[in-house]
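Colleague: With chain A fixed as given, assemble chain B onto it according to the hints.
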Amino acid sequence: MSIEHLILRVVIKIMFAPILLFALYVQFHGDYGPGGGFQAGVIFAVAFILHALIMGLDETKRVLPVGALKVLMVAGVLFYAGTGVATMLLGGNLLGYDAIDPASTHHAGQHYGILLVEFGVGMAVSSTMMMIFYHFAGREAEIRDEDW
Amino acid sequence: MTGTAFANAGILIDLSLLTMLVLVAFVMVRSRHLFAIVMMSGIYSLLSAAFFVSLDAVDVAFTEAAVGAGVSTVLMLGAMLLTVRREKPVRTGRTPIAILVVTLVGSALIYATLDMPAYGDGASPANSYMGEVYVDRTAKEIAVPNIVTAVLASYRGFDTLGETMVIFTAGLGVILLLGAGSARGGRAVRDVPDKDANS
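As they're listed, the protein sequences go chains A and B. Mapping the first sequence onto the working numbering, position 124 (from 1) lands on 602, and the numbers just tick up by one. Mapping the second sequence onto the working numbering, position 79 (from 1) lands on 1321, and the numbers just tick up by one.
Isolated chain A, as found in the complex (with noise of 0.2 Å):
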């Protein structure tokens, strides 16, 4: 293994967990404070980006495989619709989420239905950004530094 910036590999490993965890922390607090599952799905592909930036692309497939990535893909767009069609399951319209707790008396559907919703978002986000960005970066060798 090559020690090639290895203040940049030093720097990646320490900051990868943290903006994971503040990926998820927008991602859950979208309700509360700015955020949500666009802006959440984005940092926790910016995460993965930045290890395949510094780590080599190939580094971050054995974490992540593209086939993996393409399953995320498809479930956050049908864990979106799917709480749709579960609200009218229940009785409700396509998306109304007050049919997740008729009984609440401070709309605790709403909050579910709107976490579920995100989360949604938040996986169909971010892993098409990942995908976008292994298929940019996966067309061309390693490039040398004096390349640039």
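These are computed hints drawn from the structure, not numbers from a lab. Treat the hints with care, as some may be off.
[What the hints assert, rightly or not] Distance windows between CB atoms, simulated:
1) Val1326(B) - Leu556(A): 34 to 44 Å
2) Leu556(A) - Leu1342(B): 49 to 59 Å
3) Val1375(B) - Tyr510(A): 19 to 29 Å
Virtual Cβ for every residue (Gly too), placed ideally from N, Cα, C.
Modeller: Here is chain B on its own, set in the frame of chain A:
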């Protein structure tokens, strides 16, 4: 007294952010070095994110910082690797028609801003009608503190489903266009010129 001091500081920050935005845009137009242009576009996004924060649009600022300054800069870098590092020099003739069109459109835009409501005006179209309805009803109907999330995920949940599908479709398009082979094994793909086409 302190109120006006704060307001003045806000105006100064806004003005310096906007000035830097214009400067970065000029540098991007003048530069021929693609790597510098990509980095400048990232800085441009970051500056706009700061400007959105000063307009109290934190959700938009967040998205701009994450998508504009983060991911799209990286994607532009990735796309840049597939081409040359420098833009071809373009011979720029001084065409009077172009200057005339730019001046006309620019003055029309400035003239149009005179009709816009003042910043923070409570009676502006954006703050009345539906905006007001959402602000009034979110606390009663959704009971979620962030009104932006309530509008995005609940009132307009169907729109957001469409947006998610747009992103999914964009990813699908990239896979179909660039993904020959990489979906199976992830090997690097090179474009080999077609021999039959050359002969």
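Colleague: For each hint, tell me whether it holds in the structure or not.
Modeller: Do the hints match the structure? See the list:
Hint check: Val1326(B) to Leu556(A), Cβ distance near 41 Å, so the stated range 34 to 44 Å holds. At roughly 53 Å, the beta carbons of Leu556(A) and Leu1342(B) sit within the given window of 49 to 59 Å. Between Val1375(B) and Tyr510(A), the C-beta spacing of about 22 Å keeps the proposed range 19 to 29 Å intact.
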